[in-house]
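Number of protein chains: 2
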Amino acid sequence: MLIYDFQKREKEPLYEFLYRCIKEDILSGRLKAGTRLPSKRELARDNGISVRTVLGAYEQLIVEGYLTAKEKRGYFVAEVEASPVRRSPVPEFPPMYQEDQWFVDFTSNTVMCEQFPFSTWRKVMREVLSNGGQELVRRADFIGVKELRQTIASYLYRTRGMEVSPECIVIGAGIEYLYERLIRILPRDAIYGMENPGYRKIPRIYEDAGLTWRCIGMDENGISMESLIASQADVIHVSPEHHYPLGTVTSATRRQELLNWAGEKADRYIIEDDYDCEFRYRSRSIPALQSMDRRHRVIYMNTFSKTLAPSIRISYMILPEKLMARYIKTTNFYSNTVGSCEQYALARFIQQGYFERHISRLKKRYFTLGQLLIQTLRQSTLLPISEIRGGESGTHLLVRVDTSLTDVEIKWGARQQGICLSCLSEFLQETAPEYEHILVLQYADLDENTMQEAVRRLGNIFTQW
Amino acid sequence: MLIYDFQKREKEPLYEFLYRCIKEDILSGRLKAGTRLPSKRELARDNGISVRTVLGAYEQLIVEGYLTAKEKRGYFVAEVEASPVRRSPVPEFPPMYQEDQWFVDFTSNTVMCEQFPFSTWRKVMREVLSNGGQELVRRADFIGVKELRQTIASYLYRTRGMEVSPECIVIGAGIEYLYERLIRILPRDAIYGMENPGYRKIPRIYEDAGLTWRCIGMDENGISMESLIASQADVIHVSPEHHYPLGTVTSATRRQELLNWAGEKADRYIIEDDYDCEFRYRSRSIPALQSMDRRHRVIYMNTFSKTLAPSIRISYMILPEKLMARYIKTTNFYSNTVGSCEQYALARFIQQGYFERHISRLKKRYFTLGQLLIQTLRQSTLLPISEIRGGESGTHLLVRVDTSLTDVEIKWGARQQGICLSCLSEFLQETAPEYEHILVLQYADLDENTMQEAVRRLGNIFTQW
Numbered sequence: 001m002l003i004y005d006f007q008k009r010e011k012e013p014l015y016e017f018l019y020r021c022i023k024e025d026i027l028s029g030r031l032k033a034g035t036r037l038p039s040k041r042e043l044a045r046d047n048g049i050s051v052r053t054v055l056g057a058y059e060q061l062i063v064e065g066y067l068t069a070k071e072k073r074g075y076f077v078a079e080v081e082a083s084p085v086r087r088s089p090v091p092e093f094p095p096m097y098q099e100d101q102w103f104v105d106f107t108s109n110t111v112m113c114e115q116f117p118f119s120t121w122r123k124v125m126r127e128v129l130s131n132g133g134q135e136l137v138r139r140a141d142f143i144g145v146k147e148l149r150q151t152i153a154s155y156l157y158r159t160r161g162m163e164v165s166p167e168c169i170v171i172g173a174g175i176e177y178l179y180e181r182l183i184r185i186l187p188r189d190a191i192y193g194m195e196n197p198g199y200r201k202i203p204r205i206y207e208d209a210g211l212t213w214r215c216i217g218m219d220e221n222g223i224s225m226e227s228l229i230a231s232q233a234d235v236i237h238v239s240p241e242h243h244y245p246l247g248t249v250t251s252a253t254r255r256q257e258l259l260n261w262a263g264e265k266a267d268r269y270i271i272e273d274d275y276d277c278e279f280r281y282r283s284r285s286i287p288a289l290q291s292m293d294r295r296h297r298v299i300y301m302n303t304f305s306k307t308l309a310p311s312i313r314i315s316y317m318i319l320p321e322k323l324m325a326r327y328i329k330t331t332n333f334y335s336n337t338v339g340s341c342e343q344y345a346l347a348r349f350i351q352q353g354y355f356e357r358h359i360s361r362l363k364k365r366y367f368t369l370g371q372l373l374i375q376t377l378r379q380s381t382l383l384p385i386s387e388i389r390g391g392e393s394g395t396h397l398l399v400r401v402d403t404s405l406t407d408v409e410i411k412w413g414a415r416q417q418g419i420c421l422s423c424l425s426e427f428l429q430e431t432a433p434e435y436e437h438i439l440v441l442q443y444a445d446l447d448e449n450t451m452q453e454a455v456r457r458l459g460n461i462f463t464q465w
Numbered sequence: 001m002l003i004y005d006f007q008k009r010e011k012e013p014l015y016e017f018l019y020r021c022i023k024e025d026i027l028s029g030r031l032k033a034g035t036r037l038p039s040k041r042e043l044a045r046d047n048g049i050s051v052r053t054v055l056g057a058y059e060q061l062i063v064e065g066y067l068t069a070k071e072k073r074g075y076f077v078a079e080v081e082a083s084p085v086r087r088s089p090v091p092e093f094p095p096m097y098q099e100d101q102w103f104v105d106f107t108s109n110t111v112m113c114e115q116f117p118f119s120t121w122r123k124v125m126r127e128v129l130s131n132g133g134q135e136l137v138r139r140a141d142f143i144g145v146k147e148l149r150q151t152i153a154s155y156l157y158r159t160r161g162m163e164v165s166p167e168c169i170v171i172g173a174g175i176e177y178l179y180e181r182l183i184r185i186l187p188r189d190a191i192y193g194m195e196n197p198g199y200r201k202i203p204r205i206y207e208d209a210g211l212t213w214r215c216i217g218m219d220e221n222g223i224s225m226e227s228l229i230a231s232q233a234d235v236i237h238v239s240p241e242h243h244y245p246l247g248t249v250t251s252a253t254r255r256q257e258l259l260n261w262a263g264e265k266a267d268r269y270i271i272e273d274d275y276d277c278e279f280r281y282r283s284r285s286i287p288a289l290q291s292m293d294r295r296h297r298v299i300y301m302n303t304f305s306k307t308l309a310p311s312i313r314i315s316y317m318i319l320p321e322k323l324m325a326r327y328i329k330t331t332n333f334y335s336n337t338v339g340s341c342e343q344y345a346l347a348r349f350i351q352q353g354y355f356e357r358h359i360s361r362l363k364k365r366y367f368t369l370g371q372l373l374i375q376t377l378r379q380s381t382l383l384p385i386s387e388i389r390g391g392e393s394g395t396h397l398l399v400r401v402d403t404s405l406t407d408v409e410i411k412w413g414a415r416q417q418g419i420c421l422s423c424l425s426e427f428l429q430e431t432a433p434e435y436e437h438i439l440v441l442q443y444a445d446l447d448e449n450t451m452q453e454a455v456r457r458l459g460n461i462f463t464q465w
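So the protein lines, in turn, are chains A and B.
Every letter in the first sequence is one number past the one before it in the numbering used here, and letter 32, counting from 1, is 32.
Every letter in the second sequence is one number past the one before it in the numbering used here, and letter 384, counting from 1, is 384.
A portion of the hints provided could be inaccurate.
Which copy is meant is left open, so a pair is good if it fits within one copy or across any two.
To be verified - List of simulated lysine-lysine pairs, PhoX-like, C-alpha gap at most 25 Å:
#, residue 1, residue 2
1, Lys329, Lys265
2, Lys201, Lys40
3, Lys363, Lys146
4, Lys123, Lys265
5, Lys322, Lys146
6, Lys123, Lys322
Since the hints were made in silico from the structure, they are not lab data.
From a predicted model like this one, the values you see are computed outputs, not experimental measurements.
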């Protein structure tokens, strides 16, 4: 006879309580495999419940494989491994990952929260949600919402003089994601070339994807052609508009050389990272490699995560037609990774001129901030500065210091001061003396009020040792 | 002497017009490399413009590398490749990719637009945007917004009895994206095993990532243990709750066998695809493999793209602690791929009970729709149906037909009728006679009004030949 204490069941439905009790008996080994269970009628009578309740519990146990029903013979316990140890209920979970907290983070290149155009973004989002219909719910084109692609194409034409087909733009959730998709349509055995020094995420993506890659040195005109040729790279990642962290602008001559290099062999490509092109303060932006490319070898990449907010994950790449055809053929089974609402909201935000106004506000701010930082650094009596570079574009300065400290000691000293800091040498694959003792100070995330104190703390690094 | 027609400049600033004219002359070859340009003063006088205007143009040309300035000697045209051919301005771009249009698409497994809870989603989104602060702008944790992870953990506890740490949940823009991230932390030389028949995107992801994979046969209890062992797979993808397209529910015994199999060797893992677990109409959902896993070998995956809207790209995976530690270590330089606003909105949507209400509405609808489709199919005089399976869970039926047509002919016939259709044989790696002549009818996207006509057209396939 199988009797359970139905007083214990609290608010659970009867059949569920019964189901749970029997299951626990099976799992704990109290009901052994092969045991015949009481008939529905018997169990109902013994426990003072209805036959329907028993049937509900038995059926669930059958579906889950704890019982088997044999016609005209009854219900039997199935072969299930007993598990005497129960896991503790809802355990306490300590955090496995936490980001560091800093007084100032000179490595953050993202816009300050205060600069985010909340009210217009909210307005635009509300409009999209109010006017939107099916297109907000339906699966978007796998290359992204058409309206946004068209808007980006005309934005690029207006602001960068680029003639781009919306059909060749791919929207994705971040440059890293797009990069991984891109790698899949480039020749599998390609050797990748990376600026050295350069943006550190790129080699990590290469490593992560198991690709072969080489470093290519820089000179004052951009990536060095000599080093490029020596590297035997097929696909190179460059930032001609504004190299990070050196700040180098690739000259027109070098741009042509790069395009010629790409044209020499069938499977050579240039990935143009145009990140930062919006922030040039004194002169106009320089035409993108993409606009000069007549051989369909340039892949252009940019993102809104830097200009708008790091929490908005919308980036895009522009593919040459032939690559786009390959992309469509091989990748169309993937879904687009950006939510449609945000894509429509961004399209509207650009169309209504909010984006350009926002950029122009940011430009003013970044220019002023950069000048102020230069001035504050120069006034510091503690900092052994020998040279400051930057301020005409982008959002970082290079500050060379005269010190006997190593770069590791500088970084460690900064950490003691609550300051997160990079040195130029960290952007290099192998260190070189001319790249040592240079601080890379990102100021996009800095504010005027903490600047004095930040610089004072920077000075402390060099006096406390 | 260099004279330009300043009448032509329209609204352009003077310096920009001058810059453009000189640049065009350089690119067209009219100004040859090495040519010395007039001094600023000369050019200003000759064209009746200010020296400052000339300086502006020259400086821009220098930055772009078209000119070089030699101290005390003047400005010289740099070595730039001439380009006699100009690209046509803003060309017409024909669409490169378009999705097919169907009268009914029996392969679409996404919710109908009409079912999307627009008003509550809008409300929640508005609340997030109005109350939100820094957290909406700041870079989210790379594993996703904490509030959403916590909300998912308690949702899973409430509805599936799962005890999951929010610290082991990773939010990402779609299952496909998460899958690719996951692959990177699993052993590089692992052999992947895939249900056969099975969800077709999975082997495409494997192929795309260059992985080795094998097919594993199914029996009535789930994936076949014999076939699994023969396959020598290390990592298997299974859908124990509701196999697609067979509809098989993996029995409790088989679940234990799978967990035992995984426990036998150090690097064996089970990827549990719990997609569809929400849609079980008659019995309760069966506990997930993840809840039964005591050896930390189960990776659980689910998505909101199916339950909420395909345009909302929010999916998640739950990793065993050890894998999570590896994920944090190797992947923390990637940014999270989902916009923060939507993550907060979804968290709120679940917390306020809207999600569960939405699911329960959908369940009712899908159940009714399934029953109606079964009835309509049975009433069809044209369809040579011999068996219908499904309707108790999920959103598709398997319909076996008695016909001399091949599956390819059936599919082609459907296409003629404006109907997109899959046959079960398409989900197999190698076809087998017992899997032929079975239509897979997804009805999530169907509506009552077109059902009669859809079934009539299905019937036409078999009469017109």
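| Of the hints stated earlier, which fail here? | 2, 3, 4, 6
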